[in-house]
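Enquirer: Got two chains here, separate frames each, mind docking them using the hints?
Spelled out from the first residue to the last, the chains are:
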Amino acid sequence: MKRIQLGIALSAMTLGSVVACGGETQGPLDGIDSVVFLQRPKRNEMGDIFQYTSYVPTARLVKLSPPTADGELTEICCSNMGAEYQNIDISGYDISFDAKEIVFSGRLAGAQAYSLFIVDLDTSAVRQLPTNPNRDYVSPVFLPGDKIFFQTNDLDEPGAQQFRDEYERGTTLQMGVMNDDGTGLKLGPRNLSHRVFPTLLSDGRVMLTQWDHLGDMNAGHLVTVHPDMTTVREAFGKEGTGITNSYLKAREISPGRVIAIGSSRDRTLQSGAILDIRLGEPYADGNTIRADRNMSEDTASYRLLTPSVPLGREPSSMTVGRYYDAYPLNAKDYPDLLVAWADGPVESGTLGAAGPGNEANFGIYVYDSQRRTRRPLYDDPAMWDVFPRPLVSRDAPPVIAPSGTHSYDQSTTLIGSMDVHRSTVANLERGTVYGVRVVEGFSVEEGIPDDFGITEHEGAAVLGVAPVRADGSWLGLIPANIPVHLQAIDVFGMTHENANEPVWFSGAAGESRVCGGCHESRTDSVIIDPGLTEAVARGPSDLRATATRDQRVSVGGFTRDGTVGVPWDVALQNIFDAKCVSCHNGTPGPANPSWSISDPMTGATFSWTFDLRGGEAVYGVGDEMFSGYSRSHLSLMGPDMMELEDAGLVIVGEIKTYVEPGNARESELIKKLNPVQQFPTQNLGVRAFPVSQFPAHAAAVGQELTADEYYLLVLMADLGGQFYSRENAPN
Amino acid sequence: MRTMKQMFLAAAVVGLLAVGSNTAEAGRGGSAARIQNAVATGSVDAIIAELERAERLICDACTPTVLDLLDHDRYELREAAAWWIARRPVLKTQLTERSVADLAGSDSRLARNAADILGTFRHPQAIPALAAAVTRTDLSPEARMAAARALGTIGHRNANAALTAAMSDSDASVRFAAATSWLQVRKQASAAPVVGLLGDTDATVRAKAAGVVGELRDASGRAALEAALAGDPDANVRRNAAWALGRIGDSASRAALTAATSDPSSLVRQTAKAALAGL
Numbered sequence: 257m258k259r260i261q262l263g264i265a266l267s268a269m270t271l272g273s274v275v276a277c278g279g280e281t282q283g284p285l286d287g288i289d290s291v292v293f294l295q296r297p298k299r300n301e302m303g304d305i306f307q308y309t310s311y312v313p314t315a316r317l318v319k320l321s322p323p324t325a326d327g328e329l330t331e332i333c334c335s336n337m338g339a340e341y342q343n344i345d346i347s348g349y350d351i352s353f354d355a356k357e358i359v360f361s362g363r364l365a366g367a368q369a370y371s372l373f374i375v376d377l378d379t380s381a382v383r384q385l386p387t388n389p390n391r392d393y394v395s396p397v398f399l400p401g402d403k404i405f406f407q408t409n410d411l412d413e414p415g416a417q418q419f420r421d422e423y424e425r426g427t428t429l430q431m432g433v434m435n436d437d438g439t440g441l442k443l444g445p446r447n448l449s450h451r452v453f454p455t456l457l458s459d460g461r462v463m464l465t466q467w468d469h470l471g472d473m474n475a476g477h478l479v480t481v482h483p484d485m486t487t488v489r490e491a492f493g494k495e496g497t498g499i500t501n502s503y504l505k506a507r508e509i510s511p512g513r514v515i516a517i518g519s520s521r522d523r524t525l526q527s528g529a530i531l532d533i534r535l536g537e538p539y540a541d542g543n544t545i546r547a548d549r550n551m552s553e554d555t556a557s558y559r560l561l562t563p564s565v566p567l568g569r570e571p572s573s574m575t576v577g578r579y580y581d582a583y584p585l586n587a588k589d590y591p592d593l594l595v596a597w598a599d600g601p602v603e604s605g606t607l608g609a610a611g612p613g614n615e616a617n618f619g620i621y622v623y624d625s626q627r628r629t630r631r632p633l634y635d636d637p638a639m640w641d642v643f644p645r646p647l648v649s650r651d652a653p654p655v656i657a658p659s660g661t662h663s664y665d666q667s668t669t670l671i672g673s674m675d676v677h678r679s680t681v682a683n684l685e686r687g688t689v690y691g692v693r694v695v696e697g698f699s700v701e702e703g704i705p706d707d708f709g710i711t712e713h714e715g716a717a718v719l720g721v722a723p724v725r726a727d728g729s730w731l732g733l734i735p736a737n738i739p740v741h742l743q744a745i746d747v748f749g750m751t752h753e754n755a756n757e758p759v760w761f762s763g764a765a766g767e768s769r770v771c772g773g774c775h776e777s778r779t780d781s782v783i784i785d786p787g788l789t790e791a792v793a794r795g796p797s798d799l800r801a802t803a804t805r806d807q808r809v810s811v812g813g814f815t816r817d818g819t820v821g822v823p824w825d826v827a828l829q830n831i832f833d834a835k836c837v838s839c840h841n842g843t844p845g846p847a848n849p850s851w852s853i854s855d856p857m858t859g860a861t862f863s864w865t866f867d868l869r870g871g872e873a874v875y876g877v878g879d880e881m882f883s884g885y886s887r888s889h890l891s892l893m894g895p896d897m898m899e900l901e902d903a904g905l906v907i908v909g910e911i912k913t914y915v916e917p918g919n920a921r922e923s924e925l926i927k928k929l930n931p932v933q934q935f936p937t938q939n940l941g942v943r944a945f946p947v948s949q950f951p952a953h954a955a956a957v958g959q960e961l962t963a964d965e966y967y968l969l970v971l972m973a974d975l976g977g978q979f980y981s982r983e984n985a986p987n
Numbered sequence: 704m705r706t707m708k709q710m711f712l713a714a715a716v717v718g719l720l721a722v723g724s725n726t727a728e729a730g731r732g733g734s735a736a737r738i739q740n741a742v743a744t745g746s747v748d749a750i751i752a753e754l755e756r757a758e759r760l761i762c763d764a765c766t767p768t769v770l771d772l773l774d775h776d777r778y779e780l781r782e783a784a785a786w787w788i789a790r791r792p793v794l795k796t797q798l799t800e801r802s803v804a805d806l807a808g809s810d811s812r813l814a815r816n817a818a819d820i821l822g823t824f825r826h827p828q829a830i831p832a833l834a835a836a837v838t839r840t841d842l843s844p845e846a847r848m849a850a851a852r853a854l855g856t857i858g859h860r861n862a863n864a865a866l867t868a869a870m871s872d873s874d875a876s877v878r879f880a881a882a883t884s885w886l887q888v889r890k891q892a893s894a895a896p897v898v899g900l901l902g903d904t905d906a907t908v909r910a911k912a913a914g915v916v917g918e919l920r921d922a923s924g925r926a927a928l929e930a931a932l933a934g935d936p937d938a939n940v941r942r943n944a945a946w947a948l949g950r951i952g953d954s955a956s957r958a959a960l961t962a963a964t965s966d967p968s969s970l971v972r973q974t975a976k977a978a979l980a981g982l
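Chains G and P are the protein sequences, given in the same order.
Numbering-wise (this note's numbering), the first sequence opens with residue 257 and increments by one.
Numbering-wise (this note's numbering), the second sequence opens with residue 704 and increments by one.
I should point out that these hints are in silico values taken from the structure, not numbers from a laboratory.
Certain hints may be false.
[As the list claims (entries may be wrong)] Some chain G residues near chain P, calculated using beta-carbon distances under 10 angstroms: (1) Gln384; (2) Ser604; (3) Thr606; (4) Gly813; (5) Ala985.
Positions of the beta carbon are idealized from the N, C-alpha and C atoms, including for glycine.
Here chain P stands alone, though its shape is the one from the complex (with noise of 0.2 angstroms):
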């Protein structure tokens, strides 16, 4: 732990560098000393805020911090990073096609890197690299999961396969992910796939495939979200699925409904007595 003495030498520093200003500065009045500076304090607001402010700068000596970024531990900054470079035509080309490749490649860090970036560029032409990158079993769970999350970022219905193929992952935060992503995809219309979910080994997939098929209103939901309410163990699951049923508000639901205004936990009776009252 630092000292407040140190404490009050960094802010002098920042001081410098984090003028006052009275108007919001979006896009203005960034600087590559001051990107460089709010990545040596560590902080992610700072940094990000600091990327935004110097989103149209024309700054050569950015791009090495910026590019550094892209292989940072936290998602928030390899995100903000690729938003930056995504305005700059020549290095988002430059790193798209390395995106690609790395994708490809057996680097499962880098794969993580590459799904974060071209999810971030949100170009539909990616998915065929990320839906690629999504199945396969030989890249770590964390870059398949960041592959599912790039097909939901990027948000077009050409990722639906390859979500529906990412909800049959071994690992639980790649299938959490496709659920998630599904969401995501505009004009989705439907819940199908996702309702496979409901019977998943984990409970937080479960929790997560309730709350999808009840926000799409799939009706082709229905029995499995009745079965998940009577008989999940996990009380969040029930809690969704409950809220689900009422959402698709079909009256055939209302024993089940009923039948879970005795749950034990307070979350799913006070759900289904709410979605009793919509039914």
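Chain G on its own, in the form it takes in the complex (with noise of 0.2 angstroms):
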């Protein structure tokens, strides 16, 4: 076996490290016998950091004992474990508690998916886990009380599909937990897009980074789970305390303290710089520094420990290079790291225009965050060597118990909020907020052809409205594990400046999932006791809780109760072709102004009149149209200006967005029409705008609406303007 490369060696030299050559002291490794790592076949082609599928046999887990640049390596697994692992992939792998057993996900030939095995340490004996032959797991985690955690596009709702991220097509992972032996196999709550690499925190909670796309929102976080898959919670990334788009591959240092990979979300191998992250405020314990004080999200920071590496998607440097994973040796400071490193500019294009054989090359390296130097360990030039962990027992984390479930049907899912008032993120004056409507989120996996309409926002059905209490409480019970998110509303069914939380949730059959307030503060406790509050005293609402996915569309017609999804060419076409169309028919004026679209460089030109009729409509500048769904669509919602921008295109004439997707209380269309009083009873006498400055067009023009369409206009632009829903999705 070839050992380190002299190129390698060298970029290490210009660093001003000191390379290791033979069997000195180690420093960070003195007391590990054996350090374990993953061998892949050499690729440039991992898609990006959510996909899993890539797959090129012949990989192994393999041991470098001692672990010094001239140890001996020893094949763990799998080519000597008979005919059927000869093609085997590996994808990822954890070490038990006792260091007996590594538990890895193996993809055995390129017809079947990604399973799971546990090979014993003493034996060599490798046995499968019963898990699905269609479905692909991975990343697998060792949990205390003999259980294991893991990623999986498996999912558990007949009749339909796992969700597909509506941007780049993949099929989603999402979490499972089965036991050591194979039985008890249970998936877990599911997110909209996608939950990849979890690591086992010193606490028993997961954490794993997550995909969050909810309108604009896209990028990938970190969030932490019970290993019971319940109460999901935000760790890092969002919140202004992020540097970078998406974390992943994180790595526990010290209570409250996690390693991870920061990065772009593709190009780049999976791969990139190596942040220090604190989850909550740094202290002292002896050597080790913690952060598990006063632990939230928005008192979380970071430390870059690799600042010459790119956090974007650029080519990185020679001697910078990328790294594929991180895992801490100790809790200084500053910690030493053994890391997986591959030098140059690794970054898909670049060594795709190389040609093969340049691939990048991760080779194993123990690197001194502080002098930022890197000391080469073993490097493979034809294989990447990743995921590098010393072979040593460990503590199992307590075992978290099961969270308690509620009272109610245990099919379900229950939510709500202590005190909806407290909020650091809106101002909700006491009394102004009638009630919090959930909106469940769906993607292109039901059918759908295309997007669901001009704006960003996914497919969503409203499961139902939770009135407020007097006390500020509200509690509803909804399907469970599928992802939902809320708005809190005011008595004209809109949703309150700021109250239109931006990410997706869920819970487990069974989970109450009751927080203090409306992203109420994460440093402050809320001290109402939750048996006290008036919602649980009067029940929870039923929000279509036990209704299948079929049954959770719109029936009776568009009624303010009965409506689920608003199909635009169904729900509110019939609307503007009653009531609008007679003036606001595209004829250039007053009623109807114009907009026109030119390209400098070619001339050709594209003119749009305001129109509220039905009928197919595109717009863009030559042979490039876009579908703007249909003409009142495109009307209403008008073009995507950031790329008529980016296109350089030339404007003439005002582009006006009457419907600001999320948010119909700043919508020019809603103000216009200055909707009626909802709730609890509908009444066309009570307008939510001041009539002198918004006088009620419809009624004014001797049009006026009924409360059902208000509401569904309403409705629409706090979904988020789709075009389509449910209800268009071919039976």
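Expert: Here it is, written out as structure tokens:
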């Protein structure tokens, strides 16, 4: 086996490091007999950071003993396990607490899926766990109590398909748990997009990377979850605490402190810079720096341990490279790390241009984060040497008891707040919040053959509105395991400013997810006894809690309470046709303003005049036309302004956006119509805005809408202005 | 093999275009130059990333490059290119019409591309054209396989008859794709047509069939699964049959599963034990 390559050794030397050439004392590796790592054949295709199906046969788990540059490399698994394992690829692994077993994710052949295996390090016996052979099971992590946490694209909803990311089309990974003997497999509540790279924390929780996509939000954040897959909590990356787009492959250094890779979403082979993330206030505990005091996302901070490494997707420089992963060897202020690092431009395009044989070459190094030096341990130039870890026993974290279940239908999830007015993001004055609207999310897996409309918003289905009680509390029962987000609404059905929750969450069957407020302060204590809230006393609202996916559609016409989705062509176009198009019909004039865009390079021009009629609409210049879905949709939502600017087009006239996606209250359409009271009873005599300023246009021109029609328009805007809803999905 | 010098020259060029970002730029920040540059690198990851970034970019100059990708050797790139075009209804309409014609034509490569395009567009109206193509023996197995795959991507129950027909194809890759697609159909309740594939001549098809019957918990496949568990020469087929019987959960399978705990393959023994534990 070829050892450390000259080029890499030289590159390390140029950073002023001491290159290990023999078996001298290793410092941070003192007392460690062996280092385990994964060898995967080199490749230049991994997909973005959420992809998991890159298969190249003949991966293997190996052990370097002692962990020095002249240590002996021995194979743990799997070429020595028989014919069935000769073409295995291995994507990830974990070492048991007693360091006697390794659980790994392997794919035995190209026509198979990734499944889970456990290898006994004493006997070398391998056993495959009985996972679904049609679905991938990856990223296993040992949990205390003889359990294994994993990610999978499997799902447990008959007739349904797993969520598919609307943007990058990948079938999403979700979380699951099983016993290490293969029994007791349970799939957890799902995110609308991916969840990847779980790791166990010393307090017993699991941390993982969650792709958050709701409207304009597109980023991979760190979240924590209990081992029973309940109690998902944001940990790092949002609320201005982050530094890059995505954080992945987190590993705990000490309580409240993790190492993670920070990177762009794509083109970086899932590698990037190393971050030391502190989830709370850092403090010294002997030689250990911890950060488990006052942990909350808005008090989290980070230290960039590899400042030269790009945080975006640009090619990294020679001697700088990128890091695939990092494992902490101690918890000093500047920790020593076992890392997988590749030199040069670790960027897909550059490596592709360089051609076969020039794939990124990850090798194993010890990284001194204070001196910013790497000391090489092992590198096979034909393989990616990644995920190095000391082969040592460790204390199992405490077993977190399963979350208590609520006392209602155990197939449902209980959600609510103790006092919705407690909020750090919205100014919710007491008495102004009528209720909380619960919105289910879904994506293109339900058969919508395109995007959901001009806006970035996914499919939305209203499960219902839970009234907020006098003490600010509310409770509702929803279907388990589906992503939802919340909107605090007023009596007009409009979401309050900044009270349209920008993230999906979900709950397990029987789980109770009751928070203090509406994105309440993460550092304050909520002192209300949940047993004493008025919502508890009255009982939860039934928010289509036991309705199946097929049943969660609008029934009985598009009334206030019967509406689930707002299919534009069915629910809204009838309103426009009956009450708007006599004036707003595409004839240029005061009622129908026009705009145009032109390409200064080609002279091609496109003009549009406000038009609330139905019928197909497109916009663009030249041959490059985009769907406007319908004339009324394009007129109210407007074209994508950022893309017009990116394309360098000249705009003549004002392109107005009459609907602000996710914000009915600030939408010009809604202000102009001045909607009427919806809750607790509909009342056409009570308007949302002062009539002196907003003179209720439809009523003023003799085309008054019904209360239900007002609600549909408000709902359309607050949900995100989608054209398609579940009601449009082909049967 | 190119030299390191060439590699870093390439890096310099790519670096000018792949600028750093702290945001996802999902559907943002694309350009024709970036797409063309990514195509020039030959990197599948880079090309897909730049197509995604130009999702909604008004970009006449992008179109010829993306259209070329529809004929690329790699399915991943054909799929990504079709996804990009699906956002552009004029182009999409033109390509839909062309693809339906290509599926009816005699050029298997064009038919393959057409199937991938129509699958990515995911409109059930394409099912009749794909259904006709999937059984045309004058087309290449690759084209028929692409048609079967596209039917699964569309995922509509109207494709069931065509997928059932494809399960009798003479080529294993087509039968495998048909069984895989069967599972992708929304609201699919029965695996009855797939049961027949448990006796297929190809082991990968039999293994897939066992998995599909198990996932859909179709008890009509129990006898065939038990036979496969007892006598199939391929360990992966027996393993999947054991898993499927456990999933179906009929205690009548206990004897077959118990016998399988002595199977020569550890994959089968372990799965059979787990299945027994769940009966």
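Enquirer: None of the hints should be skipped; say for each whether it holds.
Expert: Status of each hint after checking the structure:
1. Gln384: Cβ of Gln384/G sits 5 angstroms from chain P, so the hint holds.
2. Ser604: 4 angstroms, holds
3. Thr606: 4 angstroms, holds
4. Gly813: Constraint on Gly813/G not satisfied, violated at 25 angstroms.
5. Ala985: Hint on Ala985/G: holds, closest Cβ of chain P at ~8 angstroms, below 10 angstroms.
Hint violations for this structure: number 4 only, all remaining hints satisfied.
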